[in-house]
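S.K.: Here the protein sequences line up with chains B and F, keeping their order. Anchor point for the first sequence: position 450 equals 449 in numbering that gives the first Met the number 0, and the numbering is continuous, going up by one each time. Anchor point for the second sequence: position 29 equals 28 in numbering that gives the first Met the number 0, and the numbering is continuous, going up by one each time.
Everything labelled a hint here was simulated from the structure, so no lab data went into it.
In silico DSSO-like links for lysine-lysine, alpha-carbon gap of 27 Å or less:
#	chain 1	residue 1	chain 2	residue 2
1	B	K90	F	K91
2	B	K256	B	K390
3	B	K144	B	K90
4	F	K9	B	K90
5	B	K406	B	K90
6	B	K274	B	K406
7	B	K410	F	K4
8	B	K274	B	K410
9	B	K31	B	K406
Computed, partial: chain F to chain B, Cβ under 8 Å:
#	residue
10	I10
11	I16
12	I33
13	V37
14	T49
15	P50
16	L51
17	A52
18	P54
19	A59
20	R60
21	F75
22	I78
23	P90
Please read these numbers as outputs of a predicted model, since none were measured by experiment. Ideal placement from N, C-alpha and C gives every residue a C-beta, glycine not left out.
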Amino acid sequence: MHNKTLSELSQALHLREFSSVELTHYFLDRIKRLDTHFNSFITITPDIALAQALAADERLQSGDATPLTGIPMAHKDIFCTQGIKTSCGSKMLDNFIAPYNATVVENCLAAGMVMLGKTNMDEFAMGSSNETSYYGPVKNPWDTKTVPGGSSGGSAAAVAARLTPIATGTDTGGSIRQPAAFCGLTGLKPTYGLVSRYGMIAFASSLDQGGPIGHSAEDVALLLNAMAGFDSRDSTSLNHPKEDYTTHLNNSLAGLKIGLPKEYFSEGLYPEVNKVLDAARDQLEEVGATLHEIHLPHTHLAVPIYYIIAPAECSSNLSRYDGVRFGHRCDNPQDLIDLYKRSRAEGFGAEVKRRIMIGTYALSAGYYDAYYLKAQKIRRLIRDDFVAAFKQVDVILGPTTPTTAFKIGEKVNDPITMYLSDIYTISGNLAGLPAISIPAGFVNQRPVGLQLIGNYLNEARLLNIAHQYQRCTDWHRQSPPGVG
Amino acid sequence: MSLPKKEVEKIAHLARISLNEPDISLDTRHLSDILNLVEQMNSIDTTGITPLAHPLDTVARLRPDIVSETNQRDHFQSIAPQIEAGLYLVPKVIE
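My request is simple: use the sequences and hints to build the entire structure.
M.R.: Structure, rendered in structure tokens:
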């Protein structure tokens, strides 16, 4: 049951081969038995899941079901869920029961999906290894000595271990694509503004974007159908007509022009990873695509400017956690400043404090022009590199990450090395472009991700290419050892 | 560049985060490392380039000025650390 695709599950539910309640019990049981090895969930919600499954079965009975009705899923613990703890991986929000639902949560409910629980993540989505979570590190099902990537590491590990058929994630600098790559999954970061940010706890508002993490392009397209859509409650939501992202999956790739940025295949990329990508390029050529070398000359500045823009926005967004209205509050505050300072020092972990402080510095009097404004100017140059590239090619292909999953603890004391593991994903956020990571092979039994970056609102095209690639490969159907 | 300890203490105060004395030297090193990484920005001239605030260069959407949310004070205050008579309580600010 746990190796079925979303379409297969949907068909079986519609044909009453099993009920949503049975399917939900099945996955809840897997979580209970297996998640002790991975720590991928922060909260499991069996009662809510079974109530939603019962309602889904009634919908299926009455003929008012969608293709997603009755299918279990998990939400990254960054999405507010009414009446359910929403921790964002932080001690600060360990006691936070969200008073309302995020739009993404509402959309999934409206489609009739069943929420199994909330997945582990780097604290406030700041991290690339899931080691900054207050709830402990998540382990990669492919090798439990390695990290699953981050920040959506719990979602990725849960899907890879077949504890849920699919999950939501968010991506500010690679947080959907990098864990998808490390866990052998398909993960899509949509165009900035396609998926509502309402009720999605903010990290860096001009970069944050929600998206699906699943096994295949087809599964991801189905969940994106539910997640995406205009939302008047998000001031940066795009007023873009609803699309069915499954419509173009079977289009031919004949004549597709794929750009290979010289800067993505240079030093820093592990030769073994490059070899895997070589094979993928050949396969895409075989199905009709042509390959073209392109240049994205400002790539090397993406990580440096990201570490001004993201912390600046984070320092502003996280100022709301003050121990007054919700979240952690220190004991016996001496005065108001002491209340703020100690509540925040106790509630936030080291990485979050580091980023708040960098952002505070970059935005402080006398430094704004030299840091934030300068970074936003270079951000335009990076965006313009892509605009120029998309005049020559339809899509850009490169690695998702320079290496495969690294060992737990390997980079935790060296923030800069950790930051550089997002070198290929960060540009997509800075430019607001859609990008997908798909499994493309293995190096020493660890999955390798291939990244496709598309032009604005070209999600359907990205999913089409990914689906065609997945028709002639079976990397996305591999299971971690012992998971079956 | 290396941030002086005093500067780190000032940033922490502005960010309203109390620092643990034993951690300050590590914090200082990490923050200095990040600023060194960021220094690479200065390798190019950005004179005359307009900063990019929104990746799609769109402007904020406007809506009619009408009430769209209902008052949910009790609901929102049910998760507050300390309240009284509908007010959030903090240590005394004015004597």
